[in-house]
Amino acid sequence: MTAKELLQQRLANQQLISPAYGTAPEVVKWCGAIQAQDYEMSKWAVGMRMPAATTEQIETSISKGELVRTHILRPTWHLVHREDVRWMMALSAPSIEQSMGTYNRKLELDSTVFRKSQKVFEKALKDGKQLTRPELAAILEKAKIPTNDLRMNFLLIKAELDMVICNGGKRDKQITYALFEERVPATSKTLTKEESLAALALRYFNSHGPATLKDFTGWSGLPITAARQGLNLVKDQLNKYAVYDLEYWDPTPASDLKSTDRQVLLIPNYDEYLVAYKDRDIIYDGQHDDHLSREGNPLFNNVILIKGQIAGVWKRTIKKKEIVMDLQTFTPLNKTEQAKLDKEVARYKQFIHLQ
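According to our numbering, the sequence shown is numbered sequentially starting from 1.
Any given hint could be a false lead.
In silico DMTMM-like pairs for lysine to aspartate or glutamate, Cα to Cα no more than 20 Å straight-line [said to hold, decoys possible]: (1) 142 x 172; (2) 129 x 141; (3) 123 x 97; (4) 144 x 122; (5) 214 x 281; (6) 170 x 127; (7) 116 x 141; (8) 349 x 337; (9) 126 x 182; (10) 173 x 40; (11) 4 x 182; (12) 129 x 59; (13) 173 x 56; (14) 129 x 66; (15) 193 x 162; (16) 119 x 135.
None of these hints come from the bench; they were simulated from the model.
Use the sequences and the hints to build the structure in full.
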């Protein structure tokens, strides 16, 4: 497999070209999880992986609980299909909690504080009530549980890891929290740890491959031994390729790729196409750091992708009746590339109903 073929295969598996799924829950289930700390851009991360979508459709899936937004995996905010969040959280939460131990001790957060705060959350959010972070903080303070410094962050994350709370719908443009049990129905079938490792590994390599074990370890947040076990459990369902002396795993041969017109894309910040891999040299050559924020790290930027490689950055300013797009390519585009970029801009505007 050549580097060019690898990028084309990733684009296809990530549903960025020739998308195969028509609904937001289907897309997220295929991907396993979609990183979502930038709430508005995460909706585009889902929508752009569909043949056609609007921001309202993605918002509705989140509001109805079809997609659950919570801290999971590394951890950071992700959108996860409600059928997957329980087993995925059970698998990833122990290693996350271990990594949080030092911070919890510094903030004087222990099991007693967590139990008390979670009882407060349960009482405040029962019967379908959804509250914002400031509202929950005020209730905790009233219960004599301090929320200063970073304590509120860790109180919320711990409650998410324990599957007590997760995000609810938006209210007056503010993100709310809701009770996990009321938004995520319990399933009759539970997975063993081995079954969960296999499921997560297969989900990752099917949707993000070609990728390495190092990539999967970084994406999942699992210890290397657990990540390797997961890969070993599903190796017989994957194909192995060598690229630049590295071992890549992928679900389908590159020759199975379909032709597509989607070769110029507007990728949002923190997108799976960037965050899901430890080695990004094949995606970005590092020659244009002056265009990027955060010391040249492409993860924090909305990027213009051409044939799988970063070719520029973009920003948007939404006004009442229009959207102003600021597009900066690293090098001038030819007429064909410019036409495809214009088409992609029109697709984004249609997504947010400003075409």
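The hints, checked one at a time:
Between residue 142 and residue 172, the direct Cα distance comes to roughly 24 Å. Violation of the 20 Å bound is thereby established for this hinted pair. About 19 Å separates the Cα atoms of residue 129 and residue 141, which keeps this hinted pair within 20 Å; it holds. Taking the CA atoms of residue 123 and residue 97, the gap is near 24 Å; set against the 20 Å cutoff, the hint is violated. Between residue 144 and residue 122 the CA atoms are separated by roughly 16 Å; this keeps the pair inside 20 Å, and the hint holds.
Proposed proximity of residue 214 and residue 281 is supported: the alpha carbons are some 14 Å apart, at most 20 Å. For the hint pairing residue 170 with residue 127, the CA-to-CA distance comes to about 17 Å; that is within 20 Å, so the pair holds. The hinted pair formed by residue 116 and residue 141 meets the criterion: a straight-line CA distance of about 12 Å does not exceed 20 Å. Our distance criterion of 20 Å between C-alpha atoms is met by residue 349 and residue 337, whose separation comes to about 18 Å.
A distance of roughly 8 Å separates the Cα atoms of residue 126 and residue 182; the hinted pair therefore holds under the 20 Å criterion. Restraint check for residue 173 and residue 40: satisfied, since their Cα atoms lie roughly 11 Å apart, inside the 20 Å limit. Straight-line distance between C-alpha atoms of residue 4 and residue 182 comes to about 46 Å, which puts the hinted pair past the 20 Å bound. Among the hinted pairs, residue 129 with residue 59 is consistent with the structure: their alpha-carbon atoms are about 18 Å apart, no more than 20 Å.
Proposed proximity of residue 173 and residue 56 is supported: the alpha carbons are some 13 Å apart, at most 20 Å. Of the pairs offered as hints, the one joining residue 129 and residue 66 holds, with about 17 Å between alpha carbons and a cut-off of 20 Å not exceeded. For the suggested pair residue 193 and residue 162, the alpha carbons sit about 17 Å apart, so the restraint of at most 20 Å is met. At most 20 Å may separate the alpha-carbon atoms for a hinted pair to count; residue 119 and residue 135 meet this at roughly 15 Å.
Comparing the model with each numbered hint stated earlier shows that hints 1, 3 and 11 do not hold.
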